[in-house]
Amino acid sequence: MSNVTKQHNDSLLRFMTCGSVDDGKSTLIGRLLFDTKTILADTLTQISNTSKKRGMEAVDLSLLTDGLQAEREQGITIDVAYRYFSTGTRKYIIADAPGHEQYTRNMVTAASTANLAIILIDARRGVLTQTRRHSYLAHLVGIQHIVVAVNKMDLVNYDQATYDKICADYLTFANEIGFAQARDIKFLPMSALAGDMLVDRLDNMPWYTGETLLEILESAPAAHTEGDEEFRFPVQFVCRPHASADADLHDFRGFMGRIESGNIAVGDAVTVLPNGYQSKVKAIQIGDEQLRSAQTEQSVTLLLEDEIDTSRGDMIVKTGSSIEPVKQIEAFVCWLSETPLSPARTYVIRHTTRESKAKVGTIAYKVDVNTLEEQATSDLKMNDIARITFKLAQPLMVDSYSANRATGAFIVIDESTNNTVGAGMIV
Amino acid sequence: MLNKEKTNHQPLSHLDWLESEAIYILREVAGQCSNPVLLFSGGKDSLCILRLAEKAFRPGRFPFPLMHIDTGHNYQEVIDFRDQRAAELGERLIVRSVEDSMKRGTVVLKSADESRNKHQSVTLLEAIEEFGFDCCIGGARRDEEKARAKERIMSFRDEFGQWDPKNQRPELWSLYNARSHKGENIRAFPISNWTEMDVWQYIEREKLQLPSIYFAHQRDVVMRSGSIVPVNVPLVNGEVTNPVKAGEEIINMQVRFRTVGDISCTAPVISDADTVSKIVLETATSTITERGATRLDDQTSDASMEQRKKEGYF
Ligand SMILES: Nc1nc2c(ncn2[C@@H]2O[C@H](COP(=O)(O)OP(=O)(O)O)[C@@H](O)[C@H]2O)c(=O)[nH]1
Ligand SMILES: [Mg+2]
Numbered sequence: 001m002s003n004v005t006k007q008h009n010d011s012l013l014r015f016m017t018c019g020s021v022d023d024g025k026s027t028l029i030g031r032l033l034f035d036t037k038t039i040l041a042d043t044l045t046q047i048s049n050t051s052k053k054r055g056m057e058a059v060d061l062s063l064l065t066d067g068l069q070a071e072r073e074q075g076i077t078i079d080v081a082y083r084y085f086s087t088g089t090r091k092y093i094i095a096d097a098p099g100h101e102q103y104t105r106n107m108v109t110a111a112s113t114a115n116l117a118i119i120l121i122d123a124r125r126g127v128l129t130q131t132r133r134h135s136y137l138a139h140l141v142g143i144q145h146i147v148v149a150v151n152k153m154d155l156v157n158y159d160q161a162t163y164d165k166i167c168a169d170y171l172t173f174a175n176e177i178g179f180a181q182a183r184d185i186k187f188l189p190m191s192a193l194a195g196d197m198l199v200d201r202l203d204n205m206p207w208y209t210g211e212t213l214l215e216i217l218e219s220a221p222a223a224h225t226e227g228d229e230e231f232r233f234p235v236q237f238v239c240r241p242h243a244s245a246d247a248d249l250h251d252f253r254g255f256m257g258r259i260e261s262g263n264i265a266v267g268d269a270v271t272v273l274p275n276g277y278q279s280k281v282k283a284i285q286i287g288d289e290q291l292r293s294a295q296t297e298q299s300v301t302l303l304l305e306d307e308i309d310t311s312r313g314d315m316i317v318k319t320g321s322s323i324e325p326v327k328q329i330e331a332f333v334c335w336l337s338e339t340p341l342s343p344a345r346t347y348v349i350r351h352t353t354r355e356s357k358a359k360v361g362t363i364a365y366k367v368d369v370n371t372l373e374e375q376a377t378s379d380l381k382m383n384d385i386a387r388i389t390f391k392l393a394q395p396l397m398v399d400s401y402s403a404n405r406a407t408g409a410f411i412v413i414d415e416s417t418n419n420t421v422g423a424g425m426i427v
Numbered sequence: 001m002l003n004k005e006k007t008n009h010q011p012l013s014h015l016d017w018l019e020s021e022a023i024y025i026l027r028e029v030a031g032q033c034s035n036p037v038l039l040f041s042g043g044k045d046s047l048c049i050l051r052l053a054e055k056a057f058r059p060g061r062f063p064f065p066l067m068h069i070d071t072g073h074n075y076q077e078v079i080d081f082r083d084q085r086a087a088e089l090g091e092r093l094i095v096r097s098v099e100d101s102m103k104r105g106t107v108v109l110k111s112a113d114e115s116r117n118k119h120q121s122v123t124l125l126e127a128i129e130e131f132g133f134d135c136c137i138g139g140a141r142r143d144e145e146k147a148r149a150k151e152r153i154m155s156f157r158d159e160f161g162q163w164d165p166k167n168q169r170p171e172l173w174s175l176y177n178a179r180s181h182k183g184e185n186i187r188a189f190p191i192s193n194w195t196e197m198d199v200w201q202y203i204e205r206e207k208l209q210l211p212s213i214y215f216a217h218q219r220d221v222v223m224r225s226g227s228i229v230p231v232n233v234p235l236v237n238g239e240v241t242n243p244v245k246a247g248e249e250i251i252n253m254q255v256r257f258r259t260v261g262d263i264s265c266t267a268p269v270i271s272d273a274d275t276v277s278k279i280v281l282e283t284a285t286s287t288i289t290e291r292g293a294t295r296l297d298d299q300t301s302d303a304s305m306e307q308r309k310k311e312g313y314f
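The listed protein sequences derive, respectively, from chains A and Y.
Number 427 marks the last residue of the first sequence (this note's numbering); no jumps.
Number 314 marks the last residue of the second sequence (this note's numbering); no jumps.
FYI, nobody ran anything at the bench for these hints, they're computed from the structure.
It is possible that part of the hints are untrue.
[What the hints assert, rightly or not] Below, simulated DSS-like cross-link-like pairs (lysine-lysine); rule was C-alpha separation at most 25 Å, straight line:
1. K186(A) / K165(A)
2. K166(Y) / K118(Y)
3. K207(Y) / K278(Y)
4. K381(A) / K118(Y)
5. K357(A) / K118(Y)
6. K391(A) / K359(A)
7. K381(A) / K359(A)
8. K37(A) / K278(Y)
9. K391(A) / K327(A)
None of these values were measured; they are calculated from a predicted model.
The following block holds chain A by itself, in its conformation from the complex (with noise of 0.2 Å):
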C-alpha cells in the first residue's frame, strides 16, 4: 500500500463545482468519488436501491450528493454540500453549490474557500447567461484556477466542432470582462455520465489529447502556495498560565493564532496593530515542538522578546509593512439574508478575528450577475452584489481582497439574529 504512507507527505485542494440545474455537478462528483474508488459498497447498495426505486436503470450518481431529505423529496440540491476524496497523491475536498438563479449566496459561500473551479456546460446548450453568472462570481471571489467543463458530450456524438465552438465562445467573453488574462483557464470535453475524460480517458474523444479533468486537479497549485503576500497574523487567544503550579510559566505570554500569508522566523521584526507596539520573535510553538520558521496556514503560538499587552483581534505583522489601521472600507458585498439590507442600522463586521461596528456610508452601484451592468440602487437584497462603504467604529486592519483573500475578507452580521447576512471583499 505505498498509496497511504505516500499521502503523508501531500497536499490538499478545496475545489467547486458550478453549473445550471441538470448540469451535471452532481454527476460528476458521484463520478469522481466512484471512480477514484471512494463510494464504499454499502452506499452503493443503498443508492442503487433508491435509483431502482424511482424506476431507474442505471445507479444515478447524483444520489450521492444529493444529501437532505428535503432535496431527495424533491430532487433538487439546496445548500452547499462538502465532500472528500483522495487519490493517494492529494486529498480533495469538493464544495458543491447549487446553480438555481436565487443560490448566489450559496456559490459565493463554496468560492470563498475554493482554490479552483469547475464550471459546467452542458454541450448541448453552449455558454449561457448562467456560464456567465458563474464565471463573474468565481472570478469576484478570487479564485485563480477555472477548469470549463464542457459536460454531456456523448448527447452531441462526441463532436469535436461542437466543442470548439463553445471553447471560442466562453474565450470571447472571458475576453470581455477581462477574465481571460487574470485566470487560468483550461477547457476540456468530457461526460460525467459515461465517464469520459474524468478519471478515465476512454475512446470516444480520440480527437482530445489535453488533460483529463483528475489529471488538472492533480496537478493544480494547492491553497496559499502561489502568492508572495506579506506576512498577516490575526491573533486568536492569548494564553498566559501564569496561575499555573510551575513558576517558569509565570511570565509565559503566548500569542496564539492561524499565519493567514507569508511567513515568520525567529528574530524577525514584528510590529503588532492597531497599537503599533514593537518587539522581536522569541519562539515559535506549535504545543510543545519549537520552529525556526512558520509559513502560511500553520497555526502556532508566537512568543515575543517584550512584554506587550496584546488581545484577540489585534494583528502581529513584520515591521515595516504597508499595512495601517483604516476606520472606512469599500468593498464588493454580497447579501445573503432574507431580510435586505438596511442602510439606517448598525451592523457588525468580523475580519479576521476582529470585530467593529460598522454602518453603510454609500452604495455606489448594484452588480446585474448576469449582463454585469451596474445599477443604481439604495438597497440590497438577497443574493444581490453591490459596492459599499461602510463606516467603522474600531479600526481594522485590511488588505485589498485581490491581494490577500484572508485579510481582506470579512462577513457582515446581525445582532439582533446573530446571523451572518453579508459577504464583503475589500476593493
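Once you have looked at the hints, place chain Y with the ligands on chain A.
Leaving out everything else, chain Y with the ligands in the frame of chain A:
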C-alpha cells in the same frame, strides 16, 4: 519593497493542513464563546480532538471542561480509558448519565433493550442547561453520513437544541460565527473536514493511545439481521446486556470496533488488525463505510441521522 517576501514554501501536507484548521477552530471557540465544553466519549475522534486541544492551548489549561454523556451501556474499557485520559491531561471531566435522566423521568425507554443512543440528546440538553454551556465541541465528521455533508463547522441550535438544516448561517472563508443568544447553542466540529482515513493516519502519526476494543480481539457474537452483534456484555454497573435470543448461535470471533458507542447499537467488524498501522491499511482497502458496518441505529432509514440531528443529537 521592504517586506515583499518570496514564499517558496512547500504546501502543508494534508494532515498538517487539517490539524492546523482544527486548532484554528478550537481557538475560535475559545475566543468567541463564553462557556464552551468539549464532548469527550473516549472514542477515537474525540481522542484526536484532545490532542488537537493540547496543540492549541498548551502550556495553558484547556479553556473548557470535558463532558461525557454516558448511556450506561458503554464498554468498561472505554470508560476506564476516558477517566485515565482526563486524569493524565489534568483537565476537568464532567459525566452526566442517561440513567439519571431515566430516574428523573425525562427519558422513557420503550423497552429495556432499546438503544439509548438517541436518548443522549435529552441528557445532553439537560447538562447544557445545568451548566449554561453556549457551545459544545464535538467530533462529528462530514464524511460520516449524508445528512452531515452540509453541516456547518459552527452549527446553530435553537432553544430546544434543534438543528434546522434550512436555518443555518452561511459559512464563508474561515470567518466562523459562533455567536448565540442566551439559551441557544453552537455545536462546533473541528474535524468536520476529516475522513475516517485521516483520523487513523493522525492517530498513527501522533502515536495516540486508544481503548483496546479498537484493536482486533476475540469476542462472543451472534449474527443478527446481517450484522455482527456482541452478546452477554458485562456493564459497568455489574449487569449484563445484549442477551442471546432464542435460536441464535454464539460464535467466538476475532473482531474490532470502528466506532465505540452504546453497546446495543455498535457492531464490530471482523478483523485481525491489532495495531494502528494495520488498521490504516485495512481502512484503505475497506469496502464498507464506518457507519454502514457498525451503527445499527443509522440503518433504519435513509433519513434517520437527519431526523435525530433535528431532535438535538450531535
Ligand atoms: N447523457 C448525459 N447525461 C448526463 C451527463 N451528466 C449528467 N447527466 C444527467 O443529467 C441529469 C442532471 O444531472 P445532475 O448531476 O443531477 O445535475 P446537477 O443538477 O447539476 O447536479 C441527470 O439525469 C444526469 O444523469 C452526461 O455527461 N451525459
Ligand atoms: Mg445536484
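Problem - Hints violated by the structure (numbers, ascending) - result: Numbers 4 and 5, in rising order.
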